[in-house]
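*Asks:* Residue numbers (the numbering used here), protein chains in the order written: chain E, 1 to 236; chain G, 1 to 236.
Warning: the hint list may mix true and false statements.
[Claimed, not checked] Within a straight-line C-alpha distance of at most 35 Å, the following computed DSBU-like cross-link-like pairs (lysine-lysine) qualify:
no., chain 1, residue 1, chain 2, residue 2
1, E, K44, E, K210
2, E, K166, G, K210
3, G, K166, E, K210
4, G, K147, G, K116
5, E, K73, G, K17
6, E, K133, E, K166
7, E, K116, E, K56
8, G, K210, E, K17
9, E, K166, G, K133
10, G, K210, E, K147
11, G, K147, E, K133
12, G, K133, E, K147
13, G, K56, G, K210
Please keep in mind that the hints were generated in silico from the structure rather than gathered at the bench.
There are 2 protein chains.
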Amino acid sequence: MKHLDVCLTPDLLHLHKLDNSIVVVADIFRATSCMVTGLAYGVKSITPVATIEECKLLQDRGFIAAAERDAHKVEGFDLDNSPFSYMNERLIGSEIAMTTTNGTLSIAKARASAVKVMVGAFLNLGALANHLKSEQYDVLVLCAGWKGRPNLEDTLFAGALAEALKDQFMLREDGTLMAQRLYNQSRENLLASVSNSSHVRRLQRLGIHKDIAYCLQTDLYDVVPVLRGTTLVAMN
Amino acid sequence: MKHLDVCLTPDLLHLHKLDNSIVVVADIFRATSCMVTGLAYGVKSITPVATIEECKLLQDRGFIAAAERDAHKVEGFDLDNSPFSYMNERLIGSEIAMTTTNGTLSIAKARASAVKVMVGAFLNLGALANHLKSEQYDVLVLCAGWKGRPNLEDTLFAGALAEALKDQFMLREDGTLMAQRLYNQSRENLLASVSNSSHVRRLQRLGIHKDIAYCLQTDLYDVVPVLRGTTLVAMN
Numbered sequence: 001m002k003h004l005d006v007c008l009t010p011d012l013l014h015l016h017k018l019d020n021s022i023v024v025v026a027d028i029f030r031a032t033s034c035m036v037t038g039l040a041y042g043v044k045s046i047t048p049v050a051t052i053e054e055c056k057l058l059q060d061r062g063f064i065a066a067a068e069r070d071a072h073k074v075e076g077f078d079l080d081n082s083p084f085s086y087m088n089e090r091l092i093g094s095e096i097a098m099t100t101t102n103g104t105l106s107i108a109k110a111r112a113s114a115v116k117v118m119v120g121a122f123l124n125l126g127a128l129a130n131h132l133k134s135e136q137y138d139v140l141v142l143c144a145g146w147k148g149r150p151n152l153e154d155t156l157f158a159g160a161l162a163e164a165l166k167d168q169f170m171l172r173e174d175g176t177l178m179a180q181r182l183y184n185q186s187r188e189n190l191l192a193s194v195s196n197s198s199h200v201r202r203l204q205r206l207g208i209h210k211d212i213a214y215c216l217q218t219d220l221y222d223v224v225p226v227l228r229g230t231t232l233v234a235m236n
Numbered sequence: 001m002k003h004l005d006v007c008l009t010p011d012l013l014h015l016h017k018l019d020n021s022i023v024v025v026a027d028i029f030r031a032t033s034c035m036v037t038g039l040a041y042g043v044k045s046i047t048p049v050a051t052i053e054e055c056k057l058l059q060d061r062g063f064i065a066a067a068e069r070d071a072h073k074v075e076g077f078d079l080d081n082s083p084f085s086y087m088n089e090r091l092i093g094s095e096i097a098m099t100t101t102n103g104t105l106s107i108a109k110a111r112a113s114a115v116k117v118m119v120g121a122f123l124n125l126g127a128l129a130n131h132l133k134s135e136q137y138d139v140l141v142l143c144a145g146w147k148g149r150p151n152l153e154d155t156l157f158a159g160a161l162a163e164a165l166k167d168q169f170m171l172r173e174d175g176t177l178m179a180q181r182l183y184n185q186s187r188e189n190l191l192a193s194v195s196n197s198s199h200v201r202r203l204q205r206l207g208i209h210k211d212i213a214y215c216l217q218t219d220l221y222d223v224v225p226v227l228r229g230t231t232l233v234a235m236n
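All chains, full assembly: derive it from the sequences and hints.
*Replies:* Laid out in structure tokens, this is it:
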């Protein structure tokens with residue numbers, strides 16, 4: 001039987017063997033929710049990069065560039081880190097380069113050793129789960145967290161994916177068990193559940209209520225983003 | 001107001017600033033439960049060391065030596081890692097050297113930068129909480145985990161301590177919030193709650209049910225172990 005495991009932050013990724021695993025990266029507020037949204041709305045590809053410098057280089061080469069640090073858009077770039085910015089007709093067919101505080105760094109880390117890297121969010125939970133059932137590989141859910149620390153919303157997503165896959169995968173580790181319990185405890189009202197989390201407090205200071213509520217919606221899209229080389233595309 | 005934070009594994013300790021913090025190390029199954037028990041039963045001091053070699057050196061210098069790796073007693077040492085082994089008249093007044101897979105390593109890591117290092121277990125939860133209220137410092141609960149990974153029982157303890165201190169300390173981070181929720185969800189029956197955790201499965205294969213049930217009892221002892229130099233003693 002295949003295994004599913006959860007890594008609560010990229011700072012613990014070194015503890016996981018990935019040579020038979022698909023890594024699903026989750027940065028619910030807001031990088032992977034943006035990626036899912038963008039690809040669902042017709043963006044051609046999203047190239048996640050770890051640094052602002054790399055993002056700038058791709059911008060100079062014609063990419064539409066999105067750079068976020070500490071929840072703010074970095075000056076000189078085209079897009080911020082709100083999923084609503086990705087519902088834009090002018091982005092259809094475009095190539096986007098993206099760097100964020102946590103999410104793109106996690107993708108860069110996972111790429112080094114995983115069989116495949118996919119991107120998850122509540123927005124594409126069901127489609128992603130269905131796809132993972134059809135794969136022969138183990139799954140590691142990599143929570144992007146916040147600057148190396150675990151966070152609530154990514155852990156809840158990991159729990160949700162574990163719940164969706166518990167009949168097809170062995171769930172053996174305590175990180176998975178804890179994520180599942182936290183999710184099951186609050187699945188009826190995720191928005192209330194995250195209201196006192198640290199990241200929601202940070203985002204609320206920025207007035208991004210709308211983003212938070214949006215990112216906690218389940219199964220809006222069927223898109224499954226997968227990394228091909230260095231670029232995320234929607235899996236056919 | 002003072003802060004309380006939780007570090008889910010020693011592999012994340014680098015993310016925490018400790019220069020105004022007391023670190024409470026918890027390795028519920030079983031190192032810190034042994035330490036609390038031993039000091040409560042009249043052991044004079046316990047010197048935690050990170051390696052088997054250091055433990056052997058102290059044994060050669062006359063310490064009673066306890067060494068555990070992967071839940072097993074290491075050959076050539078005097079004591080195993082069962083709290084019942086510490087309820088022994090011949091240990092009264094003795095000096096013990098101890099190395100374990102996770103707990104003593106966490107103490108060694110914390111010692112490098114914390115204001116003080118204390119040892120916590122469900123067995124001394126109330127006494128420890130009362131003492132921490134009287135201190136002027138912030139608190140970091142360091143869960144020993146399992147080989148760098150978070151585990152359920154240490155996280156539950158962190159949640160229990162956070163609950164006990166929530167009126168006196170600010171609890172701001174998601175790690176703390178998650179630990180509290182997991183604890184509150186299962187506080188009425190901790191034993192059932194840990195029954196499918198990875199470490200309990202490991203220990204049950206060794207037939208240590210009795211140890212598990214014992215380590216989940218709350219407030220058996222008033223002892224508060226504190227590190228003085230390199231040695232744990234009961235705080236007066």
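*Asks:* Hint by hint, which ones does this structure get wrong, listed from lowest number up?
*Replies:* 9 and 10
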